[in-house]
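Engineer: One line per chain: the protein sequences are A and B, in this order. Numbering (this note's numbering) for the first sequence: 2 to 147. Numbering (this note's numbering) for the second sequence: 258 to 749.
No wet-lab data here; the hints were simulated from the structure. Ideal Cβ positions, reconstructed from N, Cα and C, are used throughout, including at glycine. Wrong hints could be hidden among the right ones.
What follows is a list of derived Cβ distance ranges for each label pair [claimed, not checked]:
1) B:I621 - A:K88: 16 to 24 Å
2) B:I621 - A:E76: 33 to 41 Å
3) A:W139 - B:R551: 20 to 28 Å
4) B:P443 - A:W139: 42 to 50 Å
5) A:E76 - B:K444: 58 to 66 Å
Under the rule of at most 30 Å between Cα atoms (straight-line distance), these lysine-lysine pairs were calculated in the DSS-like manner [stated by the list, open to error]:
6) B:K512 - B:K489
7) A:K88 - B:K651
8) B:K465 - B:K519
9) B:K465 - B:K393
10) B:K690 - A:K102
11) B:K690 - A:K83
12) A:K83 - A:K5
13) A:K102 - B:K444
14) A:K82 - B:K651
15) B:K489 - B:K393
16) A:K82 - B:K512
17) B:K690 - B:K512
18) A:K102 - B:K512
19) B:K536 - B:K465
20) B:K504 - B:K393
21) B:K519 - B:K469
22) B:K469 - B:K444
23) B:K444 - B:K504
24) A:K102 - B:K519
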Amino acid sequence: MNSKPTHFLLVEDDDAHAELTMLALSEHQSTNTIDRVSDGEQAVAYLRQQDEYVDKPRPDVIILDLKLPKIGGLEVLDIIKKNDSLKNIPTVTLTTSANEKDRAMAYERNVNSFLTKPIDFDDFQSMIRDLSFYWSVWNQPPVTAA
Amino acid sequence: MLKNQTHRPKTPSPEANNSMPAHRTMNSPPESANETAPMKPRKWRKWHTWFLILAAIAAPLHLAVTSQSLTALHFDLARLLLAVAYALPCIGLVIIHSSSVSRENAAKQKAGNEITERQRIENSLADARMSLGSQKVALDGFAIVAETDPSGTITYVNDMFCEVSGYAREEMIGQNHRMLNSGHHPKSFFIEMWRTIAAGNPWRGEIKNRAKDGSYYWVDTYIMPFTNAQGKVEQHLAIRRVITDQKENELAIQKANEELEKANDQLERFVYTASHDIKSPLVTIQGFLGYLKRDIQDGATDRLLTFVNRIESGVRKMNENIQGLLDLSRAGRLTAEPVDVNVETVIYELIEDHSKRILEKNAIITVHDNLPEIRADHAQITQVFDNLITNALKYGCDADNPMIDIGSTSTDEEVRFFVSDNGSGIAPEYRDKVFELFHRLSVDGEGTGIGLALVRRVAELHGGSAWVESNKNNGSIFWVSLPRKEVSLVAA
Numbered sequence: 002m003n004s005k006p007t008h009f010l011l012v013e014d015d016d017a018h019a020e021l022t023m024l025a026l027s028e029h030q031s032t033n034t035i036d037r038v039s040d041g042e043q044a045v046a047y048l049r050q051q052d053e054y055v056d057k058p059r060p061d062v063i064i065l066d067l068k069l070p071k072i073g074g075l076e077v078l079d080i081i082k083k084n085d086s087l088k089n090i091p092t093v094t095l096t097t098s099a100n101e102k103d104r105a106m107a108y109e110r111n112v113n114s115f116l117t118k119p120i121d122f123d124d125f126q127s128m129i130r131d132l133s134f135y136w137s138v139w140n141q142p143p144v145t146a147a
Numbered sequence: 258m259l260k261n262q263t264h265r266p267k268t269p270s271p272e273a274n275n276s277m278p279a280h281r282t283m284n285s286p287p288e289s290a291n292e293t294a295p296m297k298p299r300k301w302r303k304w305h306t307w308f309l310i311l312a313a314i315a316a317p318l319h320l321a322v323t324s325q326s327l328t329a330l331h332f333d334l335a336r337l338l339l340a341v342a343y344a345l346p347c348i349g350l351v352i353i354h355s356s357s358v359s360r361e362n363a364a365k366q367k368a369g370n371e372i373t374e375r376q377r378i379e380n381s382l383a384d385a386r387m388s389l390g391s392q393k394v395a396l397d398g399f400a401i402v403a404e405t406d407p408s409g410t411i412t413y414v415n416d417m418f419c420e421v422s423g424y425a426r427e428e429m430i431g432q433n434h435r436m437l438n439s440g441h442h443p444k445s446f447f448i449e450m451w452r453t454i455a456a457g458n459p460w461r462g463e464i465k466n467r468a469k470d471g472s473y474y475w476v477d478t479y480i481m482p483f484t485n486a487q488g489k490v491e492q493h494l495a496i497r498r499v500i501t502d503q504k505e506n507e508l509a510i511q512k513a514n515e516e517l518e519k520a521n522d523q524l525e526r527f528v529y530t531a532s533h534d535i536k537s538p539l540v541t542i543q544g545f546l547g548y549l550k551r552d553i554q555d556g557a558t559d560r561l562l563t564f565v566n567r568i569e570s571g572v573r574k575m576n577e578n579i580q581g582l583l584d585l586s587r588a589g590r591l592t593a594e595p596v597d598v599n600v601e602t603v604i605y606e607l608i609e610d611h612s613k614r615i616l617e618k619n620a621i622i623t624v625h626d627n628l629p630e631i632r633a634d635h636a637q638i639t640q641v642f643d644n645l646i647t648n649a650l651k652y653g654c655d656a657d658n659p660m661i662d663i664g665s666t667s668t669d670e671e672v673r674f675f676v677s678d679n680g681s682g683i684a685p686e687y688r689d690k691v692f693e694l695f696h697r698l699s700v701d702g703e704g705t706g707i708g709l710a711l712v713r714r715v716a717e718l719h720g721g722s723a724w725v726e727s728n729k730n731n732g733s734i735f736w737v738s739l740p741r742k743e744v745s746l747v748a749a
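Produce the entire structure from the sequences given, and follow the hints as far as they go.
Structural biologist: Here you go:
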């Protein structure tokens, strides 16, 4: 079991969706920390600790939307999984509607989990709660990723 | 069937005779029939000699008998001898005659047999010639026929070749087939062909050729190389069937299929993205309704207004997305007849519509007075300029003194309109992406990612194009090129 707080990076362009996800995350796991960036370019800069993100911590879990401005989610995933220092960070895609092709392409790029945002409020709440609980409590990351 | 046949069959064409290979499969008729003829006079000479000898004996005896200088006994004896001397040549002549007659008969019969055999061969040759001749007539009426030497130089062409290619016979003889090269096939195509026929194997393929008048025709081609006894290729015979119509249909079907596949892909992507964009505000609305409901149940009121505002913006977003999709579906095809559009009027009307936002942004808008009239779908062109001005106001007004310029430059073929701003501009790597359907560069929650895709689509529908360049003093210049008003619209 993980005792130290888990740091989430949320990559989401839709402000309302980001707010909903962060509300749900903070409600269920108050010790967790969350940062949000709103496009693929910012996500890559954050992970590389460039420019304004120079002091940002390395996230323990990345929640990644697929439809993102500038650099798309699949491209960001590709960058993460091809980078030796980033590839061990559990990356979960959280999209509005996912077709089979996106799912296949995400798994080809070694995504750790693929989730679709439920429309139902209770489903959305329980999914974010489970997601948070699973990755911050049950999951045992490798030493390098800690 | 023809694969193993390495010898050239004899053809009845006079041209072909000039180039007959040295090696033949068919033997000439036998020439031994005349060999017995010289024997006959030699035998005749032999019997003639005997006749002369007997005559030489008979003549003095005749003289002796007639001179009456002999005794009676001698006389009788001489007369007997004389009779014998006369009789013998006579008998000889009879014998000679009869034997010569029988010999003649034998020779005649032999010659007769030989003539029958010769006749038979000649008849079958004539039949073969006739059959080949009819085959040639049929082939000439059906296909292009040509012969070339091993280096590819044309040595024979039939009438159909001249007819189809548009070249006269004398223009082609002595030339290489390269004179018909359309440039359609890669070099490797002909290398493979030459490798096959140089090895003595027939080659078949479809070739696009260029006629003398520059038009193109397709031929289904069969090339047969013919070798001599040493296995060396001596010439090629090429038979070609014109298949231009068939080929054009084939290519048209192929092209239509590719377009359909492309359209299907686009449709699939469109449906996927459209459903995503319609579902997205629903997630927002449902999510905040959930919080709203919970807070009301709990009696908490401090966040209620925030949640209601989020729900409202979700509904607004939904409406925007649906409107954008409707606009896009309308832009898919031209519904209205193209009319003369006064672009200047269109622009001033749009500025009027956007006056509130222009004031908010404190932007200075300059409209250059050289805007030409064009011939286009009025509603769609209005939509194009509306989207460009909206974008400039939304994303190009982040400078201290926002300025938007609208104008045009013209050439003989096209009119280029521009809408430029002095905002923060678009990085080069995103300048093509911004025209992609549903692709948004900004994360402000505004916009649907449809506007610029629609601009490009309308421009292309009118036979033009749309693109963005970097402005000199930062900012962007969006260009829309349209053909001059005489140019008709292209079909969707």
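Engineer: Regarding the pair K88 of chain A and K651 of chain B, is the alpha-carbon distance no greater than 30 Å?
Structural biologist: With Cα atoms ~38 Å apart, K88 of chain A and K651 of chain B exceed 30 Å; violated.
Engineer: Does the hinted range 16 to 24 Å hold for I621 of chain B and K88 of chain A at CB?
Structural biologist: Given a distance of about 51 Å, which is not inside 16 to 24 Å, the answer is violated.
Engineer: Tell me if the straight-line CA distance from K489 of chain B to K393 of chain B falls inside 30 Å.
Structural biologist: holds (26 Å)
Engineer: Need the status of pair K690 of chain B, K102 of chain A: alpha-carbon distance at most 30 Å?
Structural biologist: Holds: K690 of chain B and K102 of chain A sit about 21 Å apart, inside 30 Å.
Engineer: Holds or violated: K102 of chain A with K512 of chain B, Cα cutoff 30 Å?
Structural biologist: holds (26 Å)
Engineer: Straight-line Cα separation of K690 of chain B and K83 of chain A no greater than 30 Å?
Structural biologist: holds (24 Å)
Engineer: Kindly confirm whether 33 to 41 Å is satisfied by the beta carbon distance between I621 of chain B and E76 of chain A.
Structural biologist: At roughly 38 Å between Cβ atoms, E76 of chain A and I621 of chain B fall inside 33 to 41 Å, so the hint holds.
Engineer: Between the alpha carbons of K465 of chain B and K393 of chain B, is the straight-line distance 30 Å or under?
Structural biologist: holds (25 Å)
Engineer: Does K512 of chain B sit within 30 Å of K690 of chain B, going by the straight-line distance between their CA atoms?
Structural biologist: Roughly 26 Å between the alpha carbons, so the hint for K690 of chain B and K512 of chain B holds.
Engineer: Should the hint that W139 of chain A and R551 of chain B are 20 to 28 Å apart at their CB atoms be regarded as holding?
Structural biologist: holds (27 Å)
Engineer: Is the hinted pair K504 of chain B and K393 of chain B satisfied, with a Cα-Cα distance of at most 30 Å?
Structural biologist: holds (26 Å)
Engineer: Can you confirm whether the C-alpha distance between K102 of chain A and K444 of chain B stays at or below 30 Å?
Structural biologist: Since the Cα atoms of K102 of chain A and K444 of chain B sit roughly 39 Å apart, the hinted pair is violated (cutoff 30 Å).
The earlier numbered hints that this structure contradicts are 1, 4, 5, 6, 7, 13, 14, 16, 19 and 21.
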